[in-house]
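In the order they appear, the protein sequences are chains A and B. The opening position of the first sequence corresponds to residue 1 in my numbering, with each subsequent residue numbered one higher. The opening position of the second sequence corresponds to residue 1 in my numbering, with each subsequent residue numbered one higher.
Keep in mind that the hints are not guaranteed to be accurate.
One copy or two, either will do: identical chains are not told apart, so a pair holds if it fits within one copy or between any two.
Only pairs whose alpha carbons sit at most 27 Å apart, straight line, appear in this in silico DSSO-like list of lysine-lysine [said to hold, decoys possible]: (1) Lys279 with Lys214; (2) Lys56 with Lys15; (3) Lys15 with Lys55; (4) Lys319 with Lys214; (5) Lys192 with Lys319; (6) Lys56 with Lys279; (7) Lys15 with Lys319; (8) Lys70 with Lys23; (9) Lys150 with Lys192; (10) Lys12 with Lys56; (11) Lys208 with Lys279; (12) Lys136 with Lys279; (13) Lys15 with Lys136.
Simulated from the structure, these hints should not be mistaken for laboratory data. The structure displayed is predicted, hence computed values, not measured ones.
The chain contents come next:
Protein chains: 2
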Amino acid sequence: MIPKMPRERNSKHIKNLSSILEKVPAAALFSHVSPDGDSLGSMLALGLALESLGKKIYYYNAGPIPENLKFLPGVDNISNLWPEELPEVLIFIDCAEAERAHSTINSEFLKHKQIINIDHHVSNSKFGTINWVDPKAAATGEMVYSLLEKMGVPISYDIAVNLYTAIITDTGRFSYSNTTPDSFKIAAQLVKTGIDLAGINHIIFERKTLPQIKLLRKALSNLELLHNNSIAVIVLSRHDFLDTGADENLSEGLVNYARSIEQVEAAVLIKELEDNEIKVSFRSNSWLDVNQVASRFGGGGHVRASGCTIYRPLKEAVKEVITALEEALNIERNN
Amino acid sequence: MIPKMPRERNSKHIKNLSSILEKVPAAALFSHVSPDGDSLGSMLALGLALESLGKKIYYYNAGPIPENLKFLPGVDNISNLWPEELPEVLIFIDCAEAERAHSTINSEFLKHKQIINIDHHVSNSKFGTINWVDPKAAATGEMVYSLLEKMGVPISYDIAVNLYTAIITDTGRFSYSNTTPDSFKIAAQLVKTGIDLAGINHIIFERKTLPQIKLLRKALSNLELLHNNSIAVIVLSRHDFLDTGADENLSEGLVNYARSIEQVEAAVLIKELEDNEIKVSFRSNSWLDVNQVASRFGGGGHVRASGCTIYRPLKEAVKEVITALEEALNIERNN
Numbered sequence: 001m002i003p004k005m006p007r008e009r010n011s012k013h014i015k016n017l018s019s020i021l022e023k024v025p026a027a028a029l030f031s032h033v034s035p036d037g038d039s040l041g042s043m044l045a046l047g048l049a050l051e052s053l054g055k056k057i058y059y060y061n062a063g064p065i066p067e068n069l070k071f072l073p074g075v076d077n078i079s080n081l082w083p084e085e086l087p088e089v090l091i092f093i094d095c096a097e098a099e100r101a102h103s104t105i106n107s108e109f110l111k112h113k114q115i116i117n118i119d120h121h122v123s124n125s126k127f128g129t130i131n132w133v134d135p136k137a138a139a140t141g142e143m144v145y146s147l148l149e150k151m152g153v154p155i156s157y158d159i160a161v162n163l164y165t166a167i168i169t170d171t172g173r174f175s176y177s178n179t180t181p182d183s184f185k186i187a188a189q190l191v192k193t194g195i196d197l198a199g200i201n202h203i204i205f206e207r208k209t210l211p212q213i214k215l216l217r218k219a220l221s222n223l224e225l226l227h228n229n230s231i232a233v234i235v236l237s238r239h240d241f242l243d244t245g246a247d248e249n250l251s252e253g254l255v256n257y258a259r260s261i262e263q264v265e266a267a268v269l270i271k272e273l274e275d276n277e278i279k280v281s282f283r284s285n286s287w288l289d290v291n292q293v294a295s296r297f298g299g300g301g302h303v304r305a306s307g308c309t310i311y312r313p314l315k316e317a318v319k320e321v322i323t324a325l326e327e328a329l330n331i332e333r334n335n
Numbered sequence: 001m002i003p004k005m006p007r008e009r010n011s012k013h014i015k016n017l018s019s020i021l022e023k024v025p026a027a028a029l030f031s032h033v034s035p036d037g038d039s040l041g042s043m044l045a046l047g048l049a050l051e052s053l054g055k056k057i058y059y060y061n062a063g064p065i066p067e068n069l070k071f072l073p074g075v076d077n078i079s080n081l082w083p084e085e086l087p088e089v090l091i092f093i094d095c096a097e098a099e100r101a102h103s104t105i106n107s108e109f110l111k112h113k114q115i116i117n118i119d120h121h122v123s124n125s126k127f128g129t130i131n132w133v134d135p136k137a138a139a140t141g142e143m144v145y146s147l148l149e150k151m152g153v154p155i156s157y158d159i160a161v162n163l164y165t166a167i168i169t170d171t172g173r174f175s176y177s178n179t180t181p182d183s184f185k186i187a188a189q190l191v192k193t194g195i196d197l198a199g200i201n202h203i204i205f206e207r208k209t210l211p212q213i214k215l216l217r218k219a220l221s222n223l224e225l226l227h228n229n230s231i232a233v234i235v236l237s238r239h240d241f242l243d244t245g246a247d248e249n250l251s252e253g254l255v256n257y258a259r260s261i262e263q264v265e266a267a268v269l270i271k272e273l274e275d276n277e278i279k280v281s282f283r284s285n286s287w288l289d290v291n292q293v294a295s296r297f298g299g300g301g302h303v304r305a306s307g308c309t310i311y312r313p314l315k316e317a318v319k320e321v322i323t324a325l326e327e328a329l330n331i332e333r334n335n
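With the rest of the complex left out, here is chain A (with noise of 0.2 Å):
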């Protein structure tokens, strides 16, 4: 038995949801692209429940699915390849835009299907026949849970499994300001299945390749700190991915470490991806506004966090970044 957890502002949506999946014999659902725990997890809990309901279910993700998300219960059933034959409901889950699941879905296409869009993202295009979208949940896991409550399905260990790494990816365990106390409950219910925190905890969050910590060393030895370390610079060259072996996208996080020194003020990760073209991640700490640093080079995102590419040498790109930064920063440059 489940306990009840009150979660008004999506009632009615729950409500509706839940009496449309308890008559259908079968549903595709859909992730998306560059899955992360969130996007995976959440698919494959629905999944298991409406599996365990007797419907037949097919799992799509264009993937490759990462490393440390192949533990999932149920990810083997998981492909890439598009159904050839699509049932009458499409249940789209984390995914801001159809086009998040598969490039080539069109408006078109979406017409002819009862199309579900379950989702937390505030971006979120409403492309839908049916739109469930809540950017106060902190994963779109935390509504998946309470889809489940309220269709009565039992939380196996194997939905806890997927449900728990949802939420602490999109969370950075229970870290992020977008944890709320439902966040909290829900896991609180979760755990109580009997699933190994720390062992998922070690595979999501700690685990590393042997790249992985070689380009850490690599990020950290070319760390500068610049005008009193309120800069904090991390430049990695192709010769350095290649000399790690780590894949570009093992670089995730890296910035954070440039950032985590207390005196930075700005944080900033330059990555040569290809020859100009300069890949680049800014973070500030307390008040600098990266969003606008990162505007200047046609980049944007958050006050806090924001990103770029620049389509120049690795060495002129360094040098227009750093100097974007002491501008901003309001430093006096000697040259």
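Based on these hints, arrange chain B on the given structure of chain A.
Only chain B this time, still in chain A's reference frame:
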């Protein structure tokens, strides 16, 4: 109003303590030396609550207060001077032994006063006149929360910051296996006060001093992998500490970088504290009993985490430690 939360296993203790504390006019609170977030957070939360009821509270910690806990509300009230006049009631928080609070406390001293002992360590020696020891609590902060709930003290913002810090410290932001549904339920109540989760997590887990980052950089550049990456070794010499300006205690957690690499079974951090005084931390990932390995050097600990001190020159200690790990892992050596 605080919602009820059943904690039956503690209800007698809570009822008893609650009625004692409601009556006393004053109390002295003690937390353990080398304080952590649980010990200070729990002490401050209880003290602030009792102060809100008009009690006179003395806060004692032998100190020093770690940099990353100086933000705790009420921390400035903590004294490292032993109180000149002791009130009738002394409350020891998160101390497995009374000596953990102050080295010269002896049993003679303890006879004269009413000693309340609130702790979650299984090893607690029950030194108090009232001993409330609950090893099932992930943090002493959870016990304090239950007590305040019973006493009907409103959880203020400041109390919530202290209890939340206590819980995230001892659960590794809800990722260790000691985390229970209660940990999450209590967190759900605490965050309703509007505390800044992201800010607290940044201070406790992310913010680093420059020497810390330099030490991490040094540790990773000294990292060596042996025997098909089954053993990961980090050696830090006295020179490395001098070079980075880092205290030995800033090396806490570095062994986890060695342990995090996916092929590694045995990870070891070897630190030269003084000439001929080498501190060793062992970790294992899946099966190796590092308690046994440490015990060969007169140390010990747990199956997956242990330590020892070797009184020999660094080079010799490193060689002996690696040999011991090779033997434990049944690796054929080539020499």
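Tested hints:
With identical chains, the CA atoms of Lys279 and Lys214 are at most 27 Å apart both within one copy (20 Å) and between copies (25 Å). In the homo-oligomer, the alpha carbons of Lys56 and Lys15 lie at most 27 Å apart inside one protomer (22 Å), although the nearest pairing across protomers, at 53 Å, exceeds that limit. With identical chains, the CA atoms of Lys15 and Lys55 are at most 27 Å apart within one copy only, with a shortest distance of 19 Å there and 51 Å across copies. Proximity of Lys319 and Lys214 under a CA criterion of 27 Å is satisfied in both settings, with 26 Å inside one chain copy and 24 Å between copies.
Proximity of Lys192 and Lys319 under a CA criterion of 27 Å is satisfied in neither setting, with 53 Å inside one chain copy and 45 Å between copies. Taking the closest pair of Cα atoms, Lys56 and Lys279 never come within 27 Å of each other, the shortest separation being 43 Å inside a single copy and 58 Å across copies. For a Cα distance limit of 27 Å, the shortest separation of Lys15 from Lys319 qualifies neither inside one copy, at 56 Å, nor across copies, at 66 Å. Within a single copy, Lys70 and Lys23 get their C-alpha atoms no closer than 31 Å, and across copies no closer than 57 Å, so neither meets the 27 Å cut-off.
Proximity of Lys150 and Lys192 under a CA criterion of 27 Å is satisfied in both settings, with 18 Å inside one chain copy and 24 Å between copies. Taking CA atoms no more than 27 Å apart as the test, Lys12 paired with Lys56 passes inside one copy only; the shortest distance there is 26 Å, against 52 Å between copies. In this assembly of identical chains, the alpha carbons of Lys208 and Lys279 lie at most 27 Å apart whether taken from the same copy (23 Å) or from different copies (25 Å). When the C-alpha separation of Lys136 and Lys279 is checked against a cutoff of 27 Å, the pair qualifies neither within a copy, at 31 Å, nor between copies, at 48 Å.
Taking the closest pair of Cα atoms, Lys15 and Lys136 come within 27 Å of each other only inside a single copy of the chain (18 Å); across copies the shortest separation is 38 Å, beyond that limit.
The structure fails to meet hints 5, 6, 7, 8, 12 from the earlier list, while all remaining hints are met.
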